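Peer 1: With these hints in hand, go ahead and build the complete structure from the sequences.
Going down the list, the protein sequences come from chains B and S. My numbering applies: residue 1 is where the first sequence begins, and numbers increase by one. My numbering applies: residue 1 is where the second sequence begins, and numbers increase by one.
Bear in mind the hints are in silico, worked out from the structure with no lab data behind them. Note that the structure is a prediction, hence the values are computed from the model and not measured. Mixed in with the good hints there might be a few duds.
Where chains are identical, the list cannot tell them apart; a pair therefore holds if satisfied intra-copy or between any two copies.
With a cut-off of at most 20 Å between alpha-carbon atoms, the simulated SDA-like pairs for lysine to any residue come out as follows [as the list claims (entries may be wrong)]:
#, residue 1, residue 2
1, K383, G339
2, K11, R261
3, K363, R131
4, K383, L58
5, K363, A94
6, K363, D97
7, K363, A341
8, K363, R129
9, K363, E98
10, K363, A95
11, K179, T296
12, K383, A359
Protein chains: 2
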Amino acid sequence: MTSPISPLAPKSFPELPPVAGVQLSTCAANIHYAGRDDVMIAVVDSGSTVAGVFTQSLCPSAPVDWCRDALGRSEGNARAIVCNSGNANAFTGAAGDEAALHTAEAVASLLDCSPFEVHLASTGVIGERLREERLLVSLDSSVASLVSSAPEGWKAAANAIRTTDTFAKGSSAPVEGTKGKVVGIAKGSGMIAPDMATMLSFVFTDLAITAPLLQQCLAAAVGGSFNRISVDTDTSTSDTVLLFATAASGDDPIANRDDPRLGKFQDALDDVCLDLAHQIVRDGEGAGKFVTVNVTGAADDEAAAAIAFSIGDSPLVKTALAASDANWGRIVMAVGKSGQAADRDSLAIWIGSEQCAEAGVMKADYDEERATLHLQQLEVELKVDVGVGNGSATIWTCDLTHGYIDINAGYRS
Amino acid sequence: MTSPISPLAPKSFPELPPVAGVQLSTCAANIHYAGRDDVMIAVVDSGSTVAGVFTQSLCPSAPVDWCRDALGRSEGNARAIVCNSGNANAFTGAAGDEAALHTAEAVASLLDCSPFEVHLASTGVIGERLREERLLVSLDSSVASLVSSAPEGWKAAANAIRTTDTFAKGSSAPVEGTKGKVVGIAKGSGMIAPDMATMLSFVFTDLAITAPLLQQCLAAAVGGSFNRISVDTDTSTSDTVLLFATAASGDDPIANRDDPRLGKFQDALDDVCLDLAHQIVRDGEGAGKFVTVNVTGAADDEAAAAIAFSIGDSPLVKTALAASDANWGRIVMAVGKSGQAADRDSLAIWIGSEQCAEAGVMKADYDEERATLHLQQLEVELKVDVGVGNGSATIWTCDLTHGYIDINAGYRS
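Peer 2: Right, here's the structure in full:
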């Protein structure tokens, strides 16, 4: 938390509106960090539904195992999410599972609900036992001091879940044609890779949406946002996105997929998830540049995404971007190693609006100075057409700098 | 070439014996580098056979395309390998293919052989047109000044093919039960990943071995050496390993796979390839530590290798190693993201001989100080048992340091 704020950070935390049916609280449980709030609890009204998407890691944390199980057992009903920062409760064996169970039971007792309606998330160091007793002690006072989700509540919640994040992350969007809205917070910086790498995001709406529809909307939103970003290819054991619908907006429930309001909700959810995903990239450990990689002309969209990640994840591409070096040969290398179909002799490459290569060779009037000028900005764009089909994809990443080494060679100290 | 010599480098270039039937020459063609030899030619006696293994990149360089084609057309007969450093002749379109053809034709004319008996390799910047005229001019004098492959010849050849390498790489081994030997040189530092990432190696034996047997031996040797190392996961467009057999040792030809001498040859070839592969890791860009990753208990050997690479390629593991930080939680993370079967609750992890974790939790008597002491050495070892089967694999990699960023944010300058 001592790193300077990322140069790519938004100017300030956004003004997030309250969401009817959501109450928040944070406290300092001293689980790992001293002198700061490290526990966040959000309580949603009785009757709320929930959806979740989790890490693809085969060594998931105890809270991830808990949430997956609870989602099924509660039939998509939920009352709370409790999140602590500083300790991931991952690779902690049976003791970790018990800590998760005890936490859910304690909150369930305070809220008079089923433990399976209590969701959990933990983020921080892996392999160290969670100081469960400190977390449990904090829950009583947290639940006693719940406040409505007014702007300051959101900001405090977004701050409490930070680890190496240099700024708090939040976003909101109204749902057109309803009284409802979508509000989300997130954390994440290093260890961000496709398929839900190290990040947490909790998203809330005051609309009434059935759990199956909610799950379907969340999966779609995550596919186009959190699963399209990468910082360092590493994937955490703890990644979790949870979406809660409180049914407190006063709108009629949305219970079938033909309801036109569902499309408007999806739009708002997509906007919030993409904004949060971009904020996570902007807080990539050591990031100096926000990088958009566009791939077109691939065999299909999946192949395009694989090529885009091959470019965006390449350490050689990322270090060239850090140096504002228009070394487009490294982009060719990354396309070649992706394993996806590409026609070398049709390949076209752009750095910003400057076309470097066409038909598999350097473009005759390519002006490296213009490309370099583009790369000297904080927001840069690479575009590649691989010349074999109509598949396309966009991913977002950051450059690889000395800052990344500094942060990750000293994380636990 | 201005980087200090890697701290992991061998003390000196080895004393390599001459290989009967191999003549060498180097010269300064000023293709990219000034004031140093940048072209190497090795001429082998008439009647020599050849085998080759090449990059998996789908955007291969012109020389790689040339060699693949020539191997088939020459039916495994060869007379020469020409290698230039500084320009990879990759992503250079039809002009690149023509430069390759002209080079092979020029050498073929000097040696009075087929162009398809002339193999080519280029390493360096991608996407810039090769200064073919400078290379062609150099060939006459190179061929005129060929010397036997005495120790100084090998060293000059190994130096001429360097790019960002901080030391020249060579290795040799006698073939038991014969008068023959195996001698190889290599280059490579950054952009080293499995499946023949950026590296070149030229290996010679004076035994007589048919081309099909030679190819089979080379594939096996590469599988256990060059394909088991990784520096930064990037894969080059130019990787090439060529193996020549000159038939000049005076031994009877080896023409069938039951010949017991073939096993002895394979042993020597394996030793040379593994030694060269380790030297490449020791010259990883910015490398401060030589890292061995052992995985056991996987579903099969292939799964074990995938897990080992997931660990060895993880930026978070590599930065922890750079800092001598015994953060074994990052190893758990890397196992989890590998996508391979692993039993979280059977996982066991060692740093050197210190066991950190067993049965999915931190070992009760784990002593972090002992693990840290191990990591403070120049050669470190990680071992993981994933508890699901009998598959095992070993890979070699290096740590990720500020040096990597320094080198790769300024490669072209």
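Peer 1: Tell me the numbers of any earlier hints that the structure contravenes, in ascending order.
Peer 2: Of the numbered hints given earlier, those the structure breaks are 2, 7 and 11, listed in rising order.
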